[in-house]
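Okay, here's what each chain looks like letter by letter:
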Amino acid sequence: MSSISEPIRGRVYVLEDNIDTDLIIPAEYLNLVPTIPEEYHKLGSYAMAGLPVSFPPFTDKETGKTPYAIMIAGRNFGCGSSREHAPICLGAAGVKAVVAQSYARIFFRNAIATGEVYPLESTERLCDIFKTGDEAEIAADLSTIKDSGGTVHQLKPVGAVAPVIEAGGIFGYARKTGMIGN
Amino acid sequence: MKATLTEKIMARAANRDSVKPGENIWINVDILLTHDVCGPGTIGVFERELGENAQVWDRNKVVIIPDHYIFTADEKAHRNINILRDFVKRQNLPYYYDPGTRDYQGVCHVALPQLGHVRPGEVIFGTDSHTCTHGALGAFATGIGNTDAGFVLGTGKLLVKVPETLRFNLTGSLPQGVTAKDIILRIIGDIGVDGANYCAMEFLGEAVTSLSIEERMTICNMAIEAGGKNGIMNPDEKALEYVRKRTDKPFEPLFADADAPVAAEYNYDVSEFEPCVAAPHLPSNYKPASQCQDIKIDRAYIGSCTGGKIEDFIMAAQILKGRKVKVPTFLVPATVEVAEGLLTEKVGGKALVEVFAAAECEDIAPPSCAACLGGPIDTFGRTSGNEVVISTTNRNFIGRMGSKDSQIYLASPFTAAASAVNGYISDPRAFFAANI
Ligand code: SF4
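Those protein sequences? They're chains A and B, same order as listed.
To convert, note that position 14 of the first sequence is 14 in my numbering; the numbers rise steadily by one, no gaps.
One rule links them: number in my numbering = place in the second sequence (from 1) + 1000.
Worth flagging that the hints you see were computed from the coordinates, not collected in a lab.
Misleading hints may appear alongside valid ones.
[What the hints assert, rightly or not] Pairs of lysine-lysine residues, derived as DSS-like cross-links and limited to a Cα-Cα distance of at most 30 Å, are as follows:
| hint | chain 1 | residue 1 | chain 2 | residue 2 |
| --- | --- | --- | --- | --- |
| 1 | A | K176 | B | K1008 |
| 2 | B | K1296 | B | K1157 |
| 3 | B | K1161 | A | K176 |
| 4 | B | K1296 | B | K1321 |
| 5 | A | K131 | B | K1249 |
| 6 | B | K1404 | A | K96 |
| 7 | B | K1404 | B | K1287 |
| 8 | B | K1157 | A | K96 |
| 9 | A | K96 | A | K131 |
| 10 | B | K1350 | B | K1324 |
| 11 | B | K1076 | B | K1404 |
| 12 | A | K156 | B | K1161 |
| 13 | B | K1157 | A | K156 |
| 14 | A | K156 | A | K61 |
| 15 | A | K176 | B | K1020 |
| 16 | B | K1238 | B | K1346 |
| 17 | B | K1287 | A | K61 |
| 18 | B | K1346 | B | K1326 |
| 19 | B | K1287 | B | K1326 |
| 20 | A | K176 | B | K1321 |
| 21 | B | K1238 | B | K1249 |
| 22 | A | K61 | A | K176 |
| 23 | A | K156 | B | K1020 |
| 24 | B | K1157 | B | K1089 |
| 25 | B | K1089 | B | K1245 |
| 26 | B | K1404 | A | K65 |
| 27 | A | K96 | B | K1161 |
| 28 | B | K1249 | B | K1157 |
| 29 | A | K61 | B | K1076 |
| 30 | A | K156 | A | K131 |
| 31 | A | K176 | A | K131 |
| 32 | B | K1245 | B | K1076 |
| 33 | B | K1346 | A | K96 |
| 34 | B | K1076 | A | K42 |
| 35 | B | K1350 | A | K42 |
| 36 | A | K65 | B | K1157 |
| 37 | B | K1321 | B | K1346 |
| 38 | B | K1404 | A | K42 |
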């Protein structure tokens, strides 16, 4: 069982199936390099910039941050490109966790390897239950998410990647297990 | 024990006799590929985690092919190439293909095999999701992010989950006018954009072996569009010969057991396949081209790692020869080798460049990813409004080619060229019937 120090509380932003990496961070912003601090913050301000204009704005224009700590989605979140800019822009904008029915492999992997956002899997189709702006709380043991009405929804166990999540990413895990030196 | 090709390659790379799907194992890497979009971030992670003076694990196994944002005035794009140059110099890396010099190649997934960096039985990781292309030569190849790539750069290893395999047995022979692109779009249409999530897609059967190497690459290239971790094919004599021509490095191919246990098996007779498109905005929106004749197009685009190889242009030229396009038609050869082929390859006695010029296509762009992924505002062929595009590329997501309002139909080079001639989506078989 994986756990973090305190529950994740905040408002949710709700999307449906097949949210692809071009929606999360369009290619015109891939000239930004995530390891350069100013550009990391810039990437955050462009998080979800590929969504059609009919969607509620995801980030605040002034601060470049998002008021939504939790992203809720349907199936196959993060499909498409291997661009690590995708989980990074979400993390940089202030998203703490994504709760989707399922993930595209590379997005899930990049989220874990970078430690930028927790990619959690729901057991129900939460994008039909939550609405953008609702308050929610993810338990510190990452096993449940509670909606604003107090109903608790189960999440799938994080499983084999738990030690990597706990170590904060692939480098932390490799150091912890002696694969690479400190 | 019977094993799939992916399992055999992973077992050897982990120094083990066998591996099981679902196991997490450390494997040794033969090639790490990166480019201008993810290379700078990979280098950033490598230096942040392992120190500025850290050395790459093996300078002969790192291949850097800038290709995404090359012909643009964008300052950051230039800055990023400079980050690559500086790193290559400091690390003394032999396999760097610098833009603006004679070493420049173009799109990494077409260049990597052309340059002999893809060898059967090896493990290739690339900071690009279409790294799965290289399974066409019997390698285990998949896309990773910057952090994992930074880790590989330092250690030559990566922790990976052994994927389950979906086996696709393809029999029969393709009818005229039907291509590898139609095969993979049909499969993605059937299984969906997450139908192969976390899985290896293994393609076997006579319909695979009868395909050229480039056509095989088109199929493996789009494994990621079904969510696949990798696409893979047995390296037959055709594949081994392709590789031997391009490298002196020794390699030991491995082969799938055709009766290895797999998670699921799909049987297709490709002689029943027809020219098709993937309608906006998912590669799984399969439709026979013949049922889309009411869709008018504003432009055609032939290019990318999927549909910008020399054989793709030969197919387009077979349709365009002696005809004129009705909509602006953008041609972007994937690599310098492809661009040179446009001068030397002939259709109907004429060089491809002449065929395209006579058909009134736009001037041919220099090799790069160009509008396949939109890119900076001044990118060649980038959409800016509500254009309807027929394209030989691999993704038709909202905004993929630039504008969020444009609509992209994915298709084979035959179908794209036939549609360009008519100005609406067209089944290229009519052109063959008319005796092109
Ligand atoms: S051509 Fe398109 S899909 Fe291929 S590597 Fe370039 S951007 Fe990616």
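Against the structure, the hints come out as follows:
no.	hint	verdict
1	A/K176 x B/K1008	holds, 29 Å
2	B/K1296 x B/K1157	violated, 50 Å
3	B/K1161 x A/K176	holds, 19 Å
4	B/K1296 x B/K1321	holds, 22 Å
5	A/K131 x B/K1249	violated, 57 Å
6	B/K1404 x A/K96	holds, 27 Å
7	B/K1404 x B/K1287	holds, 22 Å
8	B/K1157 x A/K96	holds, 29 Å
9	A/K96 x A/K131	holds, 18 Å
10	B/K1350 x B/K1324	holds, 15 Å
11	B/K1076 x B/K1404	holds, 23 Å
12	A/K156 x B/K1161	holds, 18 Å
13	B/K1157 x A/K156	holds, 29 Å
14	A/K156 x A/K61	violated, 35 Å
15	A/K176 x B/K1020	holds, 25 Å
16	B/K1238 x B/K1346	holds, 23 Å
17	B/K1287 x A/K61	violated, 40 Å
18	B/K1346 x B/K1326	holds, 23 Å
19	B/K1287 x B/K1326	holds, 23 Å
20	A/K176 x B/K1321	violated, 62 Å
21	B/K1238 x B/K1249	holds, 18 Å
22	A/K61 x A/K176	violated, 40 Å
23	A/K156 x B/K1020	holds, 23 Å
24	B/K1157 x B/K1089	holds, 23 Å
25	B/K1089 x B/K1245	holds, 29 Å
26	B/K1404 x A/K65	holds, 23 Å
27	A/K96 x B/K1161	holds, 25 Å
28	B/K1249 x B/K1157	holds, 21 Å
29	A/K61 x B/K1076	holds, 22 Å
30	A/K156 x A/K131	holds, 21 Å
31	A/K176 x A/K131	violated, 40 Å
32	B/K1245 x B/K1076	violated, 38 Å
33	B/K1346 x A/K96	violated, 56 Å
34	B/K1076 x A/K42	holds, 13 Å
35	B/K1350 x A/K42	violated, 50 Å
36	A/K65 x B/K1157	violated, 35 Å
37	B/K1321 x B/K1346	holds, 10 Å
38	B/K1404 x A/K42	holds, 21 Å
This entry does not satisfy hints 2, 5, 14, 17, 20, 22, 31, 32, 33, 35, 36, going by the numbered hints stated previously.
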